[in-house]
Amino acid sequence: MAQYQITVDDAILEGLFQRDGGVAKLVESVVNQILQAQVQEQLKAAPYERTEARRGYRNGTVTRTLTTRVGRLVLRVPRVRNGEFSTELFARYQRSEQAFLLALMEMVVNGVSTRDVAKVTEQLCGTSFSKSTVSDLCKRLDPIVQAWNHRSLAEHRYPFLLVDALVLRSREDGRIRSRAALIAVGVNDEGYREILGLMLGNSESESSWREFFAWLKQRGLSGVDIVVSDSHSGLVKALQTEFQGCTWQRCQTHFMRNLLDATPKA
1 MAQYQITVDD
11 AILEGLFQRD
21 GGVAKLVESV
31 VNQILQAQVQ
41 EQLKAAPYER
51 TEARRGYRNG
61 TVTRTLTTRV
71 GRLVLRVPRV
81 RNGEFSTELF
91 ARYQRSEQAF
101 LLALMEMVVN
111 GVSTRDVAKV
121 TEQLCGTSFS
131 KSTVSDLCKR
141 LDPIVQAWNH
151 RSLAEHRYPF
161 LLVDALVLRS
171 REDGRIRSRA
181 ALIAVGVNDE
191 GYREILGLML
201 GNSESESSWR
211 EFFAWLKQRG
221 LSGVDIVVSD
231 SHSGLVKALQ
241 TEFQGCTWQR
251 CQTHFMRNLL
261 DATPKA
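Numbering (this note's numbering), first residue to last: 1 to 266.
Keep in mind that the hints were calculated from the coordinates and are not lab data. A quick note: this is a predicted structure, and the numbers were derived from the prediction, not measured. Some hints could be false.
When the alpha-carbon atoms are kept at most 16 Å apart in a straight line, the in silico EDC-like pairs for lysine to aspartate or glutamate are as follows [unchecked claim]:
(1) Lys217 - Glu242
(2) Lys237 - Glu211
(3) Lys237 - Asp164
(4) Lys139 - Asp116
(5) Lys131 - Asp116
(6) Lys119 - Asp136
(7) Lys217 - Asp142
(8) Lys25 - Asp142
(9) Lys44 - Glu97
(10) Lys131 - Glu204
(11) Lys44 - Asp136
(12) Lys237 - Glu204
(13) Lys119 - Glu97
(14) Lys237 - Glu190
(15) Lys25 - Asp116
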């Protein structure tokens, strides 16, 4: 399977992720798993594992908070009996955040790979994890990432919907190929925005957009009054079919930036 790399305008990226409660929950879950993997790496043993290589034992966790662009994270930092758990994650997070968030979105699209996890953990923790630790972490992260992209949307109505396509690039047979990830950002009935989902598709194809919108509605998307998008004919036709009676507004880049800036933060 081709592994796609997301490319997106930095200003749009900043707006998409800023104070997104849905993404914050995903990031919090993933970072907590990374901390658990790091203590496993430090102790050279999984919980309850009997091994001569073991260098110590866990002693519960202590709660710490981390303020990020997506929101405030509550993290469970491992403690080590008769010793100290050492991590650079808190010091390194801010300068690695944009690359980390993009990597998470690529995991949503591609699935979680050992290569991506190894890269992310080294960026955040400043050290390389063993192959076995990376493999175990992949197994734990994949269901978390997929559950986030398939979570129920029935808790809120989303009167405002912004849809777009992110450019994805991959190298196949020595050539750079492009695809699109269809993305929806909703503003809920409490005035907060969140990324609702991503799906690989053809940004020019009506059938791809209809499949994407049907998937969002199956997950509980409702109450849409206004949709903002670009004017691709396939997209507009799909909107007319799937969101009959909604007001459509053509999107321009500066309009999208202003809109994201003006929307209340979670």
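Hints and how they fare:
1. Lys217 - Glu242: holds (9 Å)
2. Lys237 - Glu211: Since the Cα atoms of lysine 237 and glutamate 211 sit roughly 12 Å apart, the hinted pair holds (cutoff 16 Å).
3. Lys237 - Asp164: Holds, at roughly 14 Å.
4. Lys139 - Asp116: holds (13 Å)
5. Lys131 - Asp116: Distance of about 12 Å is within 16 Å: holds.
6. Lys119 - Asp136: holds (15 Å)
7. Lys217 - Asp142: Roughly 23 Å between the alpha carbons, so the hint for lysine 217 and aspartate 142 is violated.
8. Lys25 - Asp142: The hint holds at about 15 Å.
9. Lys44 - Glu97: It is violated: about 27 Å lies between the C-alpha atoms, which goes past 16 Å.
10. Lys131 - Glu204: Given pair lysine 131, glutamate 204 is violated - Cα atoms ~40 Å apart, limit 16 Å.
11. Lys44 - Asp136: holds (13 Å)
12. Lys237 - Glu204: holds (11 Å)
13. Lys119 - Glu97: Within the cut-off at roughly 13 Å; holds.
14. Lys237 - Glu190: violated (29 Å)
15. Lys25 - Asp116: With Cα atoms ~20 Å apart, lysine 25 and aspartate 116 exceed 16 Å; violated.
Violated hints, listed in ascending order, are 7, 9, 10, 14 and 15; each of the other numbered hints is respected by the structure.
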